[in-house]
Structures are given as structure tokens and as C-alpha cells.
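Participant: Given next are the chains, with one letter for each unit.
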Amino acid sequence: MREIQEFTLDELKHLFSPKALTGETMVLNMGPQHPSTHGVLRLILELDGEIVLNCVPDIGYLHTGIEKNMEGKTYQKAEVLTDRMDYMYTMGNNLVYCLAVEKLTELKSPARADAIRVILLELSRLQSHLLWIGTSALDLGAMSVFLYAMREREMILDVFELVSGQRMMTTFIRPGGLWRDVPVEFEAAVKKIVEVFPKRIDSYEALLTKNPIFMDRTKGIGKIDTKTALAWDVTGPTLRATGLAHDIRKANPYCGYEQYDFDIPTQTTGDVYGRYQVRVEEMRQSVRIVEQALNKLPYGPVRDNNPKFVPPPRSEIGVSMEALIHHFKLWTEGFIPPVGSVYCTIESPRGEMGLFLESDGSPKPYRAHYRTPSVPLLQIMPILSKGCFVADLIGIIGSIDIVLGDTDR
Amino acid sequence: MNELLNPAVFAIQARFNGQVSEFRGDVTILVPAEKIIAAATALRDEFDFDMLSAETAVDYCPQTNPRFHMVYIFYSTKTHLYLTFRAPVNGDDPKIATMETVYPNANWREREIWDLMGIRFEGHSDLRRLLLPPNWVGHPLRKDYPLGYEEVQYTFNFDDIDLRKPKGVR
Amino acid sequence: MGLEQKLGNTGVVTTTLENAVNWSRTNSMWPMLFGLACCAIEMMAAQAANYDMSRFGMELMRASPRQSDLMIVAGRVSQKMAPVLRNLYDQMPDPKWVIAMGDCAACGGVYNNYAVLQGVDEVVPVDIYVAGCPPRPEGLINGVVALHNKIKGEQFAKWK
Amino acid sequence: MTFGLFLEWFIKSLVVILAMTIGFAYVTWFERRVLAKFQARIGPNRAGKEGLLQPVADALKLIFKEELVPANADKLIFILAPVITMIPALIITGVVPWGPPITLFGKTFTLSVSDINLGVLFILTVTSISIYGITLAGWSSNNKYATMGGLRATAQMISYELALGLAFIGPILIAGSMGINDIVNAQQHVWFVIYQPLGAIIYMIAAIAEINRSPFDMPEAEQELTAGYHTEYSGMKFALFFMAEYIKMIAICMIGASLFLGGYWGPGVAAYPWLGPLYLFIKVVILLFVLVWIRATLPRFRYDRLMAFGWKILFPLALLNVMVTALVITLVGG
Chain A
1 MREIQEFTLD ELKHLFSPKA LTGETMVLNM GPQHPSTHGV LRLILELDGE IVLNCVPDIG
61 YLHTGIEKNM EGKTYQKAEV LTDRMDYMYT MGNNLVYCLA VEKLTELKSP ARADAIRVIL
121 LELSRLQSHL LWIGTSALDL GAMSVFLYAM REREMILDVF ELVSGQRMMT TFIRPGGLWR
181 DVPVEFEAAV KKIVEVFPKR IDSYEALLTK NPIFMDRTKG IGKIDTKTAL AWDVTGPTLR
241 ATGLAHDIRK ANPYCGYEQY DFDIPTQTTG DVYGRYQVRV EEMRQSVRIV EQALNKLPYG
301 PVRDNNPKFV PPPRSEIGVS MEALIHHFKL WTEGFIPPVG SVYCTIESPR GEMGLFLESD
361 GSPKPYRAHY RTPSVPLLQI MPILSKGCFV ADLIGIIGSI DIVLGDTDR
Chain B
1 MNELLNPAVF AIQARFNGQV SEFRGDVTIL VPAEKIIAAA TALRDEFDFD MLSAETAVDY
61 CPQTNPRFHM VYIFYSTKTH LYLTFRAPVN GDDPKIATME TVYPNANWRE REIWDLMGIR
121 FEGHSDLRRL LLPPNWVGHP LRKDYPLGYE EVQYTFNFDD IDLRKPKGVR
Chain C
1 MGLEQKLGNT GVVTTTLENA VNWSRTNSMW PMLFGLACCA IEMMAAQAAN YDMSRFGMEL
61 MRASPRQSDL MIVAGRVSQK MAPVLRNLYD QMPDPKWVIA MGDCAACGGV YNNYAVLQGV
121 DEVVPVDIYV AGCPPRPEGL INGVVALHNK IKGEQFAKWK
Chain D
1 MTFGLFLEWF IKSLVVILAM TIGFAYVTWF ERRVLAKFQA RIGPNRAGKE GLLQPVADAL
61 KLIFKEELVP ANADKLIFIL APVITMIPAL IITGVVPWGP PITLFGKTFT LSVSDINLGV
121 LFILTVTSIS IYGITLAGWS SNNKYATMGG LRATAQMISY ELALGLAFIG PILIAGSMGI
181 NDIVNAQQHV WFVIYQPLGA IIYMIAAIAE INRSPFDMPE AEQELTAGYH TEYSGMKFAL
241 FFMAEYIKMI AICMIGASLF LGGYWGPGVA AYPWLGPLYL FIKVVILLFV LVWIRATLPR
301 FRYDRLMAFG WKILFPLALL NVMVTALVIT LVGG
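Residue numbers (my numbering), protein chains in the order written: chain A, 1 to 409; chain B, 1 to 170; chain C, 1 to 160; chain D, 1 to 334.
Just so you know, the hints here were simulated from the structure itself, not pulled from any lab data.
Fair warning: there could be bad hints in the mix.
When the alpha-carbon atoms are kept at most 20 Å apart in a straight line, the in silico EDC-like pairs for lysine to aspartate or glutamate are as follows [what the hints assert, rightly or not]:
id, chain 1, residue 1, chain 2, residue 2
1, A, Lys13, B, Asp45
2, C, Lys152, D, Asp115
3, B, Lys78, A, Asp263
4, C, Lys96, D, Glu66
5, A, Lys227, B, Asp48
6, A, Lys227, B, Asp45
7, D, Lys49, C, Glu59
8, C, Lys96, C, Asp121
9, A, Lys250, B, Asp50
10, A, Lys219, D, Glu66
11, D, Lys312, A, Glu24
12, D, Lys144, A, Glu258
13, A, Lys108, B, Asp26
14, A, Lys386, D, Glu67
15, A, Lys227, B, Asp144
16, A, Lys250, B, Asp26
17, D, Lys37, A, Glu154
18, A, Lys13, A, Glu24
19, B, Lys78, A, Glu154
20, A, Lys364, A, Glu79
21, D, Lys144, A, Asp263
22, A, Lys329, A, Glu79
23, C, Lys96, D, Asp304
24, A, Lys250, B, Asp48
25, B, Lys78, A, Asp225
26, A, Lys73, B, Asp126
27, A, Lys386, B, Asp50
Given the structure is predicted, the values throughout are model-derived calculations rather than measurements.
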């Protein structure tokens with residue numbers, strides 16, 4: 001039987017105050033199984049009464065070895081593994097992988113594919129934020145918001161299921177475009193979401209935004225300023241809540257985000273409430289982007305027409321010998337990008353998600369490293385939580401919106 | 001190469017003996033390992049690269065010198081540009097100075113590299129394993145570390161493999 | 001275990017009691033609030049409005065293992081998490097059941113590597129395996145109903 | 001004491017205890033169904049028709065569940081704590097009348113277990129005792145979360161006991177008696193909530209805090225302290241805590257209805273005394289609905305804010321309320 005491998009306090013003594021060793025302050029182990037650590041995060045807290053003096057995050061309880069596993073699979077097969085990393089933004093994991101592969105192989109995804117990608121990505125962001133608003137409100141004890149948010153999330157998952165047949169792990173975005181074109185019902189389904197959502201977001205706000213208890217629990221809690229945030233590489237809504245309007249979608253656009261008109265919401269408070277406001281506003285902006293993308297959804301192919309990298313359509317395999325050969329080669333041997341390494345980033349709901357991909361001229365990635373936004377967010381937990389109450393700590397964990405699959409990979 | 005990158009690239013190239021290469025628009029500078037901290041400091045202070053976007057390592061296994069490449073990717077929120085540094089690290093005793101003093105967020109990234117790649121960071125404040133249990137043996141992301149593949153059981157070899165399987169409930 | 005151990009076998013009374021107890025256990029099975037990875041999100045979805053596991057009396061998710069009857073292992077179990085999971089299982093009072101939700105919990109799924117436990121049955125006994133990556137909420141509910149059917153056939157004499 | 005009197009008390013106590021335990025069971029059902037309705041769900045509906053047998057299933061399952069006592073727990077206190085929590089919860093309502101006096105077999109019976117003339121004081125005392133059970137449970141479990149839950153319960157009780165006590169004073173002053181029966185009778189025509197709107201609100205808030213219900217459920221704040229003081233409890237011992245919480249819910253609703261909403265009084269009670277318990281029941285259900293509604297809507301308070309709220313807002317308000325009431329009564333002359 002495996003044993004739980006514990007740190008002793010002596011090993012962590014450089015992280016705690018000397019009082020912890022003498023028992024003057026209480027060391028509390030929170031997690032890995034705890035209702036509000038959003039998965040299997042473990043926090044070792046040093047408490048004086050209920051005041052958090054120190055907080056040492058311990059991660060790795062969901063370490064899956066995805067990076068190692070990807071090295072052993074061809075480029076097409078490795079993509080499937082990426083879905084399960086940031087499991088709240090699966091489309092984004094696929095996208096950053098596809099962008100990196102496209103950069104390596106100089107593939108171009110067609111305009112229609114880009115527009116559909118944008119729609120799906122913004123819907124993904126919306127569902128991620130929905131789960132965040134639900135769980136973070138649940139952490140503060142407001143349970144109804146969670147169930148309302150989950151109800152709305154189902155609408156988005158229905159769209160994912162419509163296009164790909166899977167609710168979460170879609171692998172719908174492929175290098176060079178999409179797996180296939182979307183069905184005809186897609187536009188109507190998305191249109192419905194665009195119509196319904198602003199009202200639903202209003203209803204969450206009605207429950208939370210002006211609620212005195214909610215404001216009391218969130219204002220001035222877990223503060224961080226822009227300088228610290230940048231030094232600790234914090235991105236996404238947490239950075240934007242400090243006042244810096246940094247968004248990869250605007251700064252380094254991908255998938256044609258430059259064509260869409262949207263704002264980057266910012267707040268200057270840098271606290272839990274600021275992050276809440278930024279995310280809620282981001283949900284509205286996402287709806288706006290989806291609406292624009294839907295209105296000018298172009299027609300055309302959804303995959304690059306390069307048979308060395310992109311599998312031919314199913315219909316061609318039966319009639320064209322070349323298509324059959326390409327298909328066979330692609331799914332047995334895989335494609336071979338040139339030697340070199342690239343770095344691609346996208347804006348995930350949590351911040352900047354990057355992929356460092358190195359190719360050694362073989363059909364398998366030589367090294368893939370995901371730069372995930374949740375790692376820096378967790379890393380600043382000691383800074384955010386210093387001097388706060390245990391109850392605030394819960395609110396802070398909720399507000400930075402970590403996904404443990406994202407940190408541990 | 002983006003023109004805005006020019007001053008930084010030329011300065012680093014000249015002052016720290018860097019070799020510049022470009023692939024698909026990504027600029028990479030190979031900096032000697034002992035100068036990496038000075039180069040990163042210059043990059044941060046003089047050229048506004050205020051974020052260490054990613055830090056990782058690549059293992060080119062059979063060769064020993066340099067077996068590892070440390071990869072640092074910097075980002076500037078002013079110019080929205082990325083710049084990559086690479087530092088070769090010898091495989092016999094892999095160690096390099098910590099980036100923590102320049103970019104504090106390197107703390108966990110270096111712990112992760114130590115955990116998975118086994119590169120030691122000198123001067124690091126808290127070099128423990130990050131992802132794996134504290135008493136794990138080996139560094140899984142090294143190319144000479146097996147994936148830990150477990151055989152797939154079919155009907156014909158089910159019993160053989162079953163015997164070798166660890167059983168938790170004993 | 002509880003009271004029934006002291007009762008012994010009293011024929012028709014035992015049978016009726018068995019039925020009543022099994023009925024109560026199926027209708028009031030409190031799961032542990034325990035999510036690991038992606039499947040946990042689908043488990044939450046199963047709790048929420050569209051699927052609503054509360055119909056089966058399962059909405060009282062207990063945060064403490066001491067008060068829970070059912071452990072839904074939702075997601076991949078890493079080598080670091082495995083002993084913790086076993087510890088939690090040991091803390092649950094009898095009778096207890098385990099559902100391995102999703103491929104990773106059932107057999108390691110797509111992650112056949114150093115970090116992931118190849119099936120949670122290596123550390124805890126599993127009653128129901130639910131396939132899928134992740135299983136749909138309907139799939140989980142189907143697994144729960146299958147577990148209910150299993151429990152309905154349980155007999156005092158065979159309880160350990 | 002005659003045998004008849006003893007029998008009367010015995011029967012009345014039995015009725016109260018049975019009503020409370022059955023009431024508890026169906027309050028859980030009521031809460032789960034109403035909460036589900038608030039949250040666009042269905043709620044338990046498989047056990048029996050409309051899930052009406054759900055509480056039975058829960059109870060039966062908990063009876064046949066293994067009871068664990070942690071190895072390092074203080075065993076005696078660990079086992080005693082649920083009992084200490086449970087018994088006060090059951091006896092609180094002993095002084096609350098659930099109908100006008102009725103005449104049977106030529107003898108007049110008051111419809112409360114005991115009509116003591118210090119009923120309000122009794123309620124205050126007994127509610128304070130039940131907090132001991134929670135604190136002891138938290139302490140004896142030898143679990144840090146449980147300890148914190150227990151300590152929070154104590155701090156919370158201290159902060160709210162005063163406001164609760166002061167909220168009682170309004171009705172006492174107006175009725176001129178500390179007996180609940182007198183207070184209820186004084187409301188035959190006008191409910192005290194008309195005279196004492198502030199007092200009623202203070203009572204409701206303080207009472208919710210007293211029984212640790214959302215949004216004041218700090219001692220068992222699930223998201224913060226896993227399960228708070230009952231983290232280590234399983235089986236029937238846990239069920240007792242669960243029971244105590246819900247019975248206290250009924251109790252505060254009954255007391256609130258009696259002090260401010262006219263108790264069993266309503267149109268036609270004077271003529272048909274059997275309407276009295278019905279009116280009380282309806283009032284209690286409405287108050288319970290309010291409790292569930294609050295739970296569905298509001299986030300949880302923070303521990304220190306809760307105490308600040310108790311001391312800095314509720315307590316002065318309650319004092320003011322008492323002073324104004326006393327002044328008005330003195331000026332108007334009762």
C-alpha cells in the first residue's frame with residue numbers, strides 16, 4: 001500500500017514563522033479534498049486564530065504527465081491529450097496546440113474556420129466564466145447562482161455536442177482548421193444563446209453585484225497591484241482587475257480577433273470584487289463577439305488544402321487514390337514539420353495560455369510545454385492571502401479561478 | 001523580425017555573446033548559461049520585457065554537452081513582443097543560476113523543471129519537488145526516463161499481467 | 001456495521017428489514033463532495049438543474065467522508081493522490097460504495113504513463129464503472145441507478 | 001402532584017416530541033423541495049409519492065450506518081455532545097402554547113406543556129445551553145476544522161444572545177408579562193409585529209444566527225470548514241445534530257409566531273378553538289419558507305463581520321427599540 005508522503009514542518013520551516021514549530025500558531029492542512037479548493041489543491045495554512053499568517057500551496061495531486069505522453073504520440077494523436085488539461089477551456093487547449101502546429105508547418109486555417117473557432121472559443125470562455133461565477137458564489141455561500149449558472153452552461157454544451165458529438169472534450173479544432181463543418185442547426189442554436197444570455201447575466205448580477213453581504217465579503221479582499229502582478233506573471237482577469245488592459249486577443253491577435261469590436265474590461269481595485277466585475281463584463285463582451293462573428297460568418301472550406309498535413313475529406317477517400325494514400329500516411333506515420341521551436345499564446349479565461357512546441361523533424365513533438373495561467377495565479381496565493389481570514393481565503397481561491405488540471409498537467 | 005525587437009536583440013547579442021536565430025518569426029538568442037541572469041536583468045530593466053512568460057527546458061538526451069537547453073520566453077506588455085532566450089546546460093551535473101531574483105515567478109517554474117527535468121537551480125529559495133511526491137525517484141521529462149507504460153490487458157495475456165499489477169487492497 | 005449485525009437471522013423479519021434497509025440506502029445515498037478532474041465538472045452538471053440527481057435524494061453532498069455513503073471518483077487519480085484517496089475511503093463508515101466515473105478512474109484512460117494510476121480499483125474496491133471521457137450526466141445517473149439495483153439485492157448474511 | 005396532572009403532562013410532552021420529530025423530518029423534505037424549486041430543479045421525488053418518504057429513507061439509512069468514533073477523540077464528550085445539542089432543541093417549545101385552552105371532560109387544559117410565567121426567560125436559557133453541545137462536539141472531535149467550528153459557534157452565540165434577549169423585551173413590555181401564554185393572549189386583536197416591526201426583524205436575524213442557519217451558518221460553513229463541528233460525526237450521532245438544527249428552526253419559527261405574529265390567534269379562533277393550532281402551523285410554515293428563501297438567496301457572512309454586525313448594529317438597535325417601547329408605554333400608559 002502506498003503511503004501519503006508528507007512534508008514535515010522542519011522541511012517547510014523557511015516558509016512558516018518560527019511560532020508554527022513551537023505550536024503557538026496552528027498549522028492547518030486544507031485539501032487535497034476540500035469542498036472549496038476547486039479540485040485537488042492543497043494549502044498548508046498557518047493560522048493565528050482565524051487569520052491566515054502564511055499559506056503554502058502544494059500542487060501536483062492531478063499531475064497527469066501530459067507533456068511526457070505527448071512526446072510519444074504523433075502530432076494528430078497528441079492533440080487529444082491536450083483537451084483534458086484545462087478542462088474548463090478545452091477548445092482553447094486545442095486551439096493553442098493547433099496554432100503552434102500551424103505555425104510550425106505554415107498551415108493556414110480558412111476564414112470560415114477562423115470565425116467558427118472564435119464563436120466556439122468565446123462560448124467556451126462563457127461556459128468557463130459561468131462555472132466560475134457559480135462556484136465562486138457557492139464558496140461564499142450563495143448556492144442558487146451555481147445552479148442557475150449550470151443551467152445556462154448546458155445550453156453552451158449543447159452547441160458543443162451539436163458540432164462535435166462531445167460535451168467537453170471535443171478535439172473539434174484541428175491543425176489547419178476544424179474537424180468538419182458545423183451542422184445547419186448551429187447558427188440557430190448560437191443565435192438563441194446570444195439572445196438569452198444578456199438577460200441571464202443580469203439575473204446573476206441581481207443576486208450578487210449589489211448584495212451587501214457579497215460586497216462585504218469581496219471588497220478589499222485579496223488585493224494585488226499591477227507591478228506585483230506583472231512580476232509574478234499574473235495574467236487574465238486578475239491582471240485586468242488591477243487596471244492594466246492587457247489581453248492577448250487585442251495585443252497579439254489570433255484567429256482574426258482583430259476584426260471584432262470588443263472592449264477589454266478593467267477595474268483598478270485589484271481585489272476579489274474587481275475580478276468579479278471584470279469577469280462579468282467579459283461575459284457580456286464574449287456574447288458581443290459571438291454575435292459579430294455569427295453575423296459575418298463567411299462560407300467556404302473549413303480546412304487548409306494541404307494534403308501533406310491535413311487529412312482529405314472522407315468523401316474523397318473512396319474515389320481518389322492519392323487521397324487514400326495521404327490519409328493512410330497521415331494516420332499511420334503522421335506529418336513531419338521542419339526542425340525548430342515555436343511559442344504560441346492565446347487568452348484563456350484565466351489568462352495567457354501558451355504552448356512551447358519543439359520539433360526535431362520527426363512525426364512526434366520533441367518537447368511540448370504548456371505555459372498555463374493557473375500556475376502563477378496559485379503561486380501568488382501567499383501574497384493574496386496574507387493577513388486575511390480563512391473565509392476570505394475561500395473567496396480568493398474562487399476569484400482567481402484556478403483549474404487544477406491546468407496547473408498540474 | 002519585428003523592428004521593435006532590434007535594439008534588445010542587438011544589445012544582448014553584443015554584450016552577452018548571444019547567437020541570434022529566427023524561426024517562423026520567433027526570435028531566439030542562445031546565451032551562455034553563466035550570463036543568463038545578467039542578460040535577463042538587462043532585458044527587464046532596459047528593454048521593458050516585464051514578464052517572464054514561460055520557462056522550461058528541453059532535453060537532447062544522448063548528447064551530454066549541452067544535454068539540456070533552458071528556455072526562457074520573455075514578454076513585453078508595452079510592445080507586445082516575445083523574445084526567447086536559450087541557455088545550454090551540461091548534462092553531467094545540470095545546474096544553472098536561478099531566475100528568481102530577476103523574475104520572482106520563476107520560483108515555481110524552476111521547481112517544476114527541477115522536479116521533471118532534474119536541473120538544479122543555484123540560489124533558489126525553495127527547491128522542492130512541485131508536482132510529484134517528495135520522495136519520487138528520477139525526473140520523468142528526461143528522455144531517458146521511461147514513460148511508465150503499462151501493458152494493455154487482452155484476454156490472452158490478462159492473467160500474466162494481472163499477477164504483476166500492484167494491488168492496493170491487500 | 002450497524003444495528004443489523006446484532007439482529008441475526010430471523011427469517012421473514014430479516015427479509016422485510018433487508019428490503020426496507022436496502023430501499024432506504026438506495027433512496028438516501030449521500031455522495032461525498034469529491035472531485036478530481038474533468039469528470040467532476042460533469043458530476044456537478046449531474047447535480048444541477050438539467051439532470052438533477054437530487055431526485056434520488058442525492059443532493060446532500062457531504063463534505064466530510066464520515067457522513068457520506070458513496071464515493072464518486074470523478075477523474076484521473078495520480079500517484080500522489082492515490083494514498084489520499086485510499087485514506088478518504090478508509091474514513092468513510094460502512095456501508096460504502098465507490099463509483100469509478102470516467103475512463104481515467106476506471107482504467108487510466110488515455111494516460112498510460114508514470115503519473116496516473118491505471119484504474120482506481122488498484123487502491124479501492126469499485127462497485128460500478130461508468131465509461132466515457134467524461135461520461136455524460138445521464139451516464140453517471142445510469143451508473144447510480146445500476147448501483148441502486150445492485151444494492152437492492154444485498155443480504156444481511158453476505159455483509160461483511 | 002396528582003396522577004391526572006402527570007398524565008396530562010406526559011401526553012402533552014409526547015405530543016410535542018412527536019410533533020417536533022415528525023416536523024423535523026418534513027422540514028428537511030420541505031426545505032429540499034422548496035430549495036429545488038428556487039433553483040430550477042425538482043428535488044427528491046423518488047422515495048414515495050413526491051418524495052414524501054425521503055425523510056424515512058434518510059432516517060433508516062442513518063440508523064443502519066456504522067458509527068465511528070475517531071481514535072483520538074474524547075469519547076465520553078464526543079458521544080454526549082449530540083445529546084446535549086438535541087435535548088434543549090426539543091424542550092424549547094415546551095412553553096409555547098399551540099392553541100387556546102380547551103375544555104375536555106369538564107376540565108380545562110392549556111395547550112402547552114407547561115405554562116410557566118417566565119416562559120421567555122426559559123427560552124433564552126435553553127437556547128444558550130444547546131450551544132454547549134456544538135462547542136463540545138467541535139472540541140472533542142480532535143479535528144482542527146471541528147474545533148474552529150465549535151469556537152465560531154460560541155463567539156456567534158455570545159454576539160447574538162443579547163440582541164435576541166432585547167428583542168424579546170418589546171413584547172414583554174407590551175403584554176406586561178413574561179409568560180408566553182400572556183403574550184399570545186395580548187395579541188388577540190393586534191399582532192405585536194405592528195407595534196414592534198424593528199423588534200420582529202431583530203428577533204428574526206438574531207434567531208437565525210442563534211441556530212446557525214444560512215447566512216449565519218459559520219460553525220458548519222461547508223465551503224470553509226468542510227463540515228464544521230460535525231466533521232467527525234457519522235450515522236445517528238450526525239443525525240442528531242441535523243435534527244437539532246431543524247427542530248431549532250421550527251422552534252424559532254414557533255416562538256417568532258407567538259411573540260410577534262399573534263401565535264395561534266386568527267379569525268374565528270375564539271369560536272372554534274381547533275383553528276388555533278392550524279393558524280400556528282400556517283404561520284410556522286410561512287416563517288420556515290422565509291428561512292429557506294433566505295438560504296437560497298444570500299451569501300454567507302464573514303465570521304468577524306457577523307460579530308461586528310451583532311455588536312455594532314443589532315445590539316444598539318435592539319437597545320433603542322427597548323427604550324422607545326418603554327418610553328411610549330410610559331407616555332401612553334400601557
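Participant: Now tell me, hint by hint, if it's right for this structure.
Facilitator: Hint by hint, here is what the structure shows:
With a C-alpha separation of about 33 Å, the suggested pairing of Lys13(A) with Asp45(B) is violated against the 20 Å cut-off. In summary, the hint linking Lys152(C) to Asp115(D) is not supported, as the alpha carbons are separated by about 49 Å, beyond the 20 Å threshold. Restraint check for Lys78(B) and Asp263(A): the C-alpha separation of about 18 Å stays at or below 20 Å, so the hint holds. Distance hint between Lys96(C) and Glu66(D) is fulfilled; the C-alpha atoms sit about 10 Å from each other, no more than 20 Å.
Note on Lys227(A) and Asp48(B): the hinted pairing holds, with a Cα-Cα distance of about 13 Å set against a maximum of 20 Å. A distance of roughly 14 Å separates the Cα atoms of Lys227(A) and Asp45(B); the hinted pair therefore holds under the 20 Å criterion. Between Lys49(D) and Glu59(C) the CA atoms are separated by roughly 18 Å; this keeps the pair inside 20 Å, and the hint holds. Among the hinted pairs, Lys96(C) with Asp121(C) is consistent with the structure: their alpha-carbon atoms are about 15 Å apart, no more than 20 Å.
Restraint check for Lys250(A) and Asp50(B): satisfied, since their Cα atoms lie roughly 18 Å apart, inside the 20 Å limit. Between Lys219(A) and Glu66(D) the CA atoms are separated by roughly 44 Å; this puts the pair beyond 20 Å, and the hint is violated. For the proposed pair Lys312(D) and Glu24(A), the alpha carbon gap of about 31 Å is over 20 Å, so the pair is violated. In summary, the hint linking Lys144(D) to Glu258(A) is not supported, as the alpha carbons are separated by about 53 Å, beyond the 20 Å threshold.
The straight-line distance between the Cα atoms of Lys108(A) and Asp26(B) is roughly 17 Å, inside the 20 Å bound, and the hint therefore holds. Between Lys386(A) and Glu67(D) the CA atoms are separated by roughly 39 Å; this puts the pair beyond 20 Å, and the hint is violated. Restraint check for Lys227(A) and Asp144(B): not satisfied, since their Cα atoms lie roughly 41 Å apart, outside the 20 Å limit. For the proposed pair Lys250(A) and Asp26(B), the alpha carbon gap of about 19 Å is at most 20 Å, so the pair holds.
A C-alpha spacing of about 18 Å is found between Lys37(D) and Glu154(A), which places the hinted pair at or below 20 Å, so the restraint holds. Restraint check: the Cα-Cα separation between Lys13(A) and Glu24(A) comes to about 14 Å, which is no more than 20 Å; the hinted pair holds. With a CA separation close to 39 Å, the supplied pair Lys78(B) and Glu154(A) exceeds the 20 Å bound. Of the pairs offered as hints, the one joining Lys364(A) and Glu79(A) holds, with about 11 Å between alpha carbons and a cut-off of 20 Å not exceeded.
With a C-alpha separation of about 46 Å, the suggested pair Lys144(D) and Asp263(A) falls outside the 20 Å cut-off, and the hint is violated. At most 20 Å may separate the alpha-carbon atoms for a hinted pair to count; Lys329(A) and Glu79(A) meet this at roughly 18 Å. About 38 Å separates the Cα atoms of Lys96(C) and Asp304(D), which puts this hinted pair outside 20 Å; it is violated. Simply put, Lys250(A) and Asp48(B) have alpha-carbon atoms about 19 Å apart, close enough for the 20 Å limit, and the pair holds.
For the given pair, Lys78(B) sits about 17 Å from Asp225(A) by alpha-carbon distance, which is consistent with the 20 Å threshold. Proposed proximity of Lys73(A) and Asp126(B) is contradicted: the alpha carbons are some 34 Å apart, above 20 Å. With a CA separation close to 25 Å, the supplied pair Lys386(A) and Asp50(B) exceeds the 20 Å bound.
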